[in-house]
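Q: Model the full structure from these sequences, guided by the hints.
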Amino acid sequence: MATPASSTLVTPSPVPQSSVALPRVVLAAPSTGQGKTTISTGLMAALKARGLGVSGHKVGPDYIDPGYHALATGRPGRNLDPHLVGEDRIGPLLMHGARGAHVAVVEGVMGLHDGRIGTDGYASTAHVAKLTRTPVVLVVDIARMSRSVGAVVAGMAAYDPDVDVVGVILNRAGSARNVAEVERSVRLPVLGVVPRDDSISAPSRHLGLVPAGERYEAAEAVARLGQKVARHVDLDAVLEVARRAPDLTDTAWDPCREILPVEGEPPVVAVAGGRAFTFAYAETEELLRAAGCTVVTFDPLRDRSLPEGTRALLLGGGFPEVHVQQLARNRALLDHVRDAVRGGLPTVAECAGLLYLLDDLDGSSMAGVIGTGATMSRRLTLRYPEAVAAGDNLLTRAGERVRGHEFHRTTLTAPARGWPPAWEVDGELIGVATPTLHASYLHTHWAGHPVMAERLAHAAARATPVTAPTARPQAVPGPQPYGPVADPLLHHGDVETGRGLIDFAVNVYPEPRPSWLEAALRDGIEQSTTYPDVTPARDTIAELHHRRADEVLVTSGAAEAFELIARWKPWRCPVVVHPQFTEPHAALERAGLQVTVVHCRPEDGYRLDASAVPEDADLVVVGNPTNPTGVLHPAEEILRLRRPKRVVVVDEAFMDAVTDTGHSLATDRRRGLLVVRSLTKHWSIPGIRAGYVLGNDRAVAALAARQVPWSVSAPAITAAVACCSGEATMEAVRRAERIAQWRAHLVDALTGRGYEVVGSQTSFVLARLGRGTRETLREHGVAVRRADTFPGLDGEWVRIAVRPPETVADLLRALDDVRAGAPAAIGA
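Just so you know, we're using the working numbering here: the sequence shown kicks off at 1 and counts up by one.
Just so you know, not all the hints are guaranteed correct.
Claimed, not checked - Ranges of calculated distance between the beta carbons of each label pair, as one might list FRET restraints:
no., residue 1, residue 2, range
1, ALA704, ARG177, 56 to 62 Å
2, ASP335, GLU637, 50 to 56 Å
3, TRP710, GLU779, 40 to 46 Å
4, VAL388, GLY309, 34 to 40 Å
No lab work stands behind these hints: they were computed from the structure. Ideal Cβ placement from N, Cα and C applies to all residues, glycine included.
A: As structure tokens, then:
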């Protein structure tokens with residue numbers, strides 16, 4: 001078997017011990033995309049649900065699948081990669097990870113025999129199965145095959161006699177006839193037939209699967225996988241196969257035998273975590289602890305400074321480009337990291353960590369340690385190289401060889417000039433390295449090179465602890481949100497946010513915009529050299545809502561629509577149903593009109609009562625769902641407002657965030673009915689101003705006649721086209737479902753603390769927190785939207801934007817502190 005040149009950093013393998021029984025099985029496949037992760041994770045969850053201790057392992061350098069394995073098993077997910085750690089460590093690492101478990105499940109990588117290119121299958125699933133003498137069960141997607149499955153399985157089983165292929169799990173099965181045909185063709189035991197169910201597939205992203213820790217619903221999804229696998233896979237047969245695995249004769253890997261510990265006080269090593277830095281091997285932390293370090297995890301998205309007493313910093317891999325805007329907003333931590341690293345704090349940064357230390361990432365300011373930037377690239381860099389240390393530095397000595405991997409879609413905008421390089425890879429010098437800093441795109445597995453952990457630990461022991469940044473109040477732009485406001489109808493939630501505040505005040509969807517929307521906005525900028533033409537947006541919107549093009553008016557956000565409606569006719573009795581978004585009311589007053597207010601009553605749950613509207617009203621404006629209550633009014637109740645010579649305007653600005661859109665009137669073509677839509681909040685483009693009006697052709701033409709020429713910009717037009725496409729429709733549904741899950745979590749947490757919450761169906765909730773709570777929350781670093789500027793509400797109420805549970809946790813901590821009378825931290 002071909003073996004890469006050995007690394008000078010690999011410690012000799014331990015002396016074998018007496019044999020140890022470990023039931024175990026490898027799940028492999030003929031190729032990528034067969035469902036290995038789905039079936040492997042489900043199998044782990046199903047076995048754990050039986051009361052077994054299950055150890056999850058992944059062949060290859062993958063960081064993401066082990067996150068799912070950890071959710072399924074309740075134990076750290078582990079990697080088995082001969083390229084990264086050497087052949088002699090695979091068995092010991094398997095035994096280390098499975099210590100105390102009843103069974104080990106190993107998920108393969110790619111196809112069974114696919115390994116490092118040019119090495120005849122080195123580091124493949126088959127290679128690991130042979131090194132550990134583990135039986136293999138094939139997972140085969142039969143959605144597009146029948147009898148040919150038998151030929152594929154027979155070929156996979158016979159290709160290498162040293163690989164013990166013992167059974168098959170048929171995945172994405174369809175009709176019973178096809179399954180029977182497949183089963184007749186397969187000469188190995190069929191251990192399970194899992195029917196097709198796209199709803200349980202793990203989601204994809206530009207760099208692979210979404211990290212488990214980033215998915216609020218991940219734990220529930222894994223539980224559903226376990227239930228499904230338990231129903232359709234013969235768990236007893238799988239366990240019987242696993243128990244037939246021969247005993248292992250290796251000595252379990254022990255980090256304490258790998259490393260020389262530091263003397264004296266344990267140095268604190270700060271390790272980046274949270275959603276932006278999810279890539280880590282469990283053995284890295286174990287090595288650092290064995291070296292005598294105290295490992296403290298911090299979250300660059302939220303924490304304002306490095307942990308107290310930090311003497312070394314480890315910035316691993318992850319998805320910083322996905323969270324770049326939130327990372328950039330945490331300027332206090334970026335500045336602290338910059339000053340600490342420049343001051344000589346021993347620092348290791350891999351891939352995402354490298355990006356965090358640059359001047360900027362995709363135009364957003366980062367820490368500014370390394371004087372260059374990075375940008376997203378169309379090309380994926382994926383390689384599995386052997387790297388040679390370019391010189392003596394924090395982690396390596398010149399000429400030492402390390403095996404690693406690269407996996408990224410960013411590229412540096414310019415070389416990092418003036419810095420010594422870290423590695424030579426395939427004749428290219430990459431990264432930067434000094435006696436206190438080591439940063440590059442290369443990922444390494446320290447279980448294969450434990451001296452790297454040892455060197456960082458000893459550098460930490462010699463380092464001076466970083467000091468906390470001087471606490472100072474954060475500047476908050478705009479008017480201070482205390483006391484009365486000059487014009488409540490013009491008050492907007494954005495004035496309640498500010499630097500250093502966690503934003504629950506503005507109802508903009510909190511996650512990054514889709515790449516197709518970013519591309520559309522860039523196209524809009526490029527097209528801005530000519531006067532804008534709304535025709536493409538109008539046509540796309542009309543198609544989306546099954547209307548004619550002359551029934552659509554594209555506007556500069558919903559605000560322009562309300563201004564046009566206010567000036568359309570000399571309204572005699574315009575009515576606004578409150579509580580409601582105040583802009584329609586303000587627009588009518590700006591047009592010189594006296595507005596009649598109809599209040600939805602709190603005792604009715606702020607639901608619309610059409611009979612409360614005066615009969616002589618010739619214009620009625622109602623939100624659905626209503627801002628700020630989030631109440632979704634039945635379509636039939638809104639239609640009861642219709643009268644001859646009356647115009648009913650329905651503000652559906654937040655309808656995209658509703659999972660049940662059956663009460664939308666966007667496709668209703670009855671006369672006297674106008675529907676206003678906004679793309680601002682659901683698609684995170686408040687600065688673009690994109691919206692539209694739907695109505696009969698005569699009404700739309702009358703409004704268009706009052707519209708300022710070219711009021712809708714080119715970026716707004718391209719954004720509208722993109723956000724009304726088929727791709728956007730699917731993404732909108734996904735976002736609405738996530739909002740519903742986040743909202744349920746938020747409402748449960750608030751009601752569980754005794755707060756009154758109105759029954760919202762959209763991306764915000766109205767909660768009665770009590771007078772003064774909003775102001776005190778602000779002092780604790782949390783911004784919520786005051787509600788006393790909405791007619792019909794008072795200072796008891798606040799509007800809270802729906803956010804993911806990990807962000808809501810900050811709100812809940814602040815609320816609990818407020819209740820307990822805890823003092824606010826300066827600069828929180």
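Q: If a hint holds in the structure, say so; if it does not, say that too.
A: Hint-by-hint comparison with the structure:
1. Between ALA704 and ARG177 the C-beta distance comes to about 58 Å, which sits within the given range of 56 to 62 Å.
2. Between ASP335 and GLU637, the C-beta spacing of about 53 Å keeps the proposed range 50 to 56 Å intact.
3. In this structure the supplied range 40 to 46 Å holds for TRP710 paired with GLU779, their Cβ-Cβ distance being about 45 Å.
4. The hint said 34 to 40 Å for the Cβ distance between VAL388 and GLY309, and at roughly 35 Å that hint holds.
The earlier numbered hints are all upheld by this structure, with none contradicted.
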